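Residue numbers (the working numbering), protein chains in the order written: chain Y, 1 to 301; chain G, 1 to 319.
By construction, these hints were calculated from the structure, which means they are not laboratory data.
A hint or two may mislead.
[As the list claims (entries may be wrong)] Straight-line C-alpha distance at most 25 Å; calculated SDA-like pairs for lysine to any residue:
#, chain 1, residue 1, chain 2, residue 2
1, G, Lys210, Y, Gly118
2, G, Lys210, Y, Lys262
3, G, Lys14, Y, Lys262
4, Y, Lys262, G, Asn179
5, G, Lys67, G, Ile25
6, Y, Lys262, G, Arg158
7, G, Lys96, G, Gly130
8, Y, Lys293, G, Ser100
9, G, Lys67, G, Val90
10, G, Lys145, G, Ile224
11, G, Lys143, Y, Leu23
[As the list claims (entries may be wrong)] Cβ-Cβ distance ranges computed for the label pairs, FRET-style:
#, chain 1, residue 1, chain 2, residue 2, range
12, Y, Asn164, G, Trp183, 18 to 28 Å
13, G, Asn43, Y, Leu219, 48 to 58 Å
14, G, Trp107, Y, Ser163, 46 to 56 Å
15, Y, Gly105, G, Gly94, 17 to 27 Å
16, G, Val98, Y, Pro79, 43 to 53 Å
Small disclaimer: the values here were computed from a predicted structure and weren't measured.
Quick reminder that beta carbons are idealized off the backbone N, C-alpha and C, glycines included.
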Amino acid sequence: MATAVMTTLDPKSRSAARGMSDLTIRNLFIVPTIVFLIVFNIFPLLYSLGYSFTDFRASSAAPATFVGLQNYRELLNDPFIWSNFAITAKYVIVSVVGQVIVGFGVALLLNRDIPLKGLLTTLLLLPMMLSMAVVGLFWKLLYDPSFGIINYTLGLGSFEWLSNPDMALYAVAITDIWMWSPFVMLLSLAGLSAVPKHLYEAAAIDRAGSFYTFFRITLPLVAPILMIAIIFRTMEAFKTFDLAYILTSQPTTEVISIRLYKMAFQEWQTGRSCALAYIVLIMILAITNIYVKYLNKVKER
Amino acid sequence: MAAVTTSTERSLNKLAIVGVLIVTIIFLAPIYWIASTAFKPRNLATTIPPTVVFQPEISPFVKLFTKRSQLRTAPTPEQYAAAPWWERLVFDGGEKVVRSGRGEVQWSGYPNRFMNSLIVAITSTILAVGMGTFTAYGFSRFKIKGEQDLLFFILSTRMLPPVVVAIPMFLMYRAVGLNDTHWGLIILYTAFNLSFSVWLMKGFMDEIPKEYEEAALVDGYTRIEAFFKIVLPEAATGIAATAVFCFITAWNEYAFALIMTNRRAQTAPPFIPSQVGSGLSDWTVIAAGTFLFLLPVAIFTFLLRNHLLRGMSFGAIRK
């Protein structure tokens, strides 16, 4: 991705003399954005880094006292925090695996000769564009044990979804799978349609079985794009807050973002929550790093 | 693949069509259920078996926009006759529209929240796309030291979990009085969308041949003139697509809005769930609010359909 350097203007030329220099324009175009992001993203993070070493509580007037690494030490030794991470991990696995199976599966179906393919694809993409919080709320009605259409359609009687501690996390994951399988489908479709047709023709001539064709031709060629979808969804599922927060209040669905929210804005343990925020942040940055590597890899093709 | 259209191939294709149709129906069912509940009479919203065929009503929307209270005694025939059509719909539901002492109809909280959503989403979109377009051009055309690192930095700000950013922002906003204001949310959404806008616009900018500007420079345009007169018109589609994506993101956002606003500047996403309280919630009204809220995004999705892939991959996959 080499940047194209434009022909530098002859400094004596008319237009160069009239206008600003390229260097000025470049700075004028780029610096405000960088400054904006530093002021509103990086500075706040430094601010909370400072607080993470204190016992500050935003609800009280007491000044913050420096406690060193105590917050971090306590958090990392707190079994409850680890159980929040375990819940998050379970949620990530269930929802991402579900999205990959459904999304990639539907993409395989759509990759055939389907009438009205464009319209159907757009309709299928609708869920992921909608507000998680608002649509998630409506799933409460769908999951309702006495009059929800899910139990009615599946003939489950008055099966408890959201108020059942064992089921609630899966219910949230199912809603997430509904919302985000289309994302995996969209990316998989792009990958599938990029597989050169002549490879399939060659395989057909060689009388290769469909199993062989799938694992030796389709999958390896779609893999890079599928990886992008998987990493991105993993990151988003790791950060998940809206859906789980709105759908249930079960302790078994307390993913790490919800714990963080409660610690910061309900229990007002500001210092401690800043420390937890940092632990989460470092994990997210690690995933982001992998994600960007894959993005650039696909871009170069 | 003309040679391989065997009969197995054809029946597999038929199977795929059936499969796609079933999946589409399942995926659209929840959305259909929201839309249909928004037009149901209240007593049909939560029936067993679920009501699919019914006489559509507009009353959920009337209830959505007005403040109502339970009707203790039925309205007198004169009251009923004097009431406008929409007020009768509320009477029919066993409620009455709350009026001020001077007889003015009191609005519910919804229109206000809807307006807040519009103000915040539109303003932050303009700011993010505006700044993003300039920056993307800068990255696309000029040599920048550490370009990859800067672009990674820009993208990483987008990946930050909202709750992580919200903790220090809440404290800072409290100190400067930006909590529960439009500008407080606008700044957050602009920052959130800016990185996306830079990445997506850079892809669009890279596609505009730089020969266009070079020709303009030779003709005596300044670089700035060339940018505004040559590059911007070429980038119009990209700018529009980026703007729609930014709008949708800001429009849908929940966590920041929940934490940073509570009344004055509250947007629709935290407001709508707060209306589901006790077991007595009127799902038709909630559905009506949800329906109106989702409608713009549904329309935009159709307009954006050819750019969805690109937007969802931060411009990396273009097709």
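List in ascending order the numbers of the hints, as given earlier, that are violated by the structure.
-> 1, 2, 3, 5, 7, 8, 12, 14 and 15
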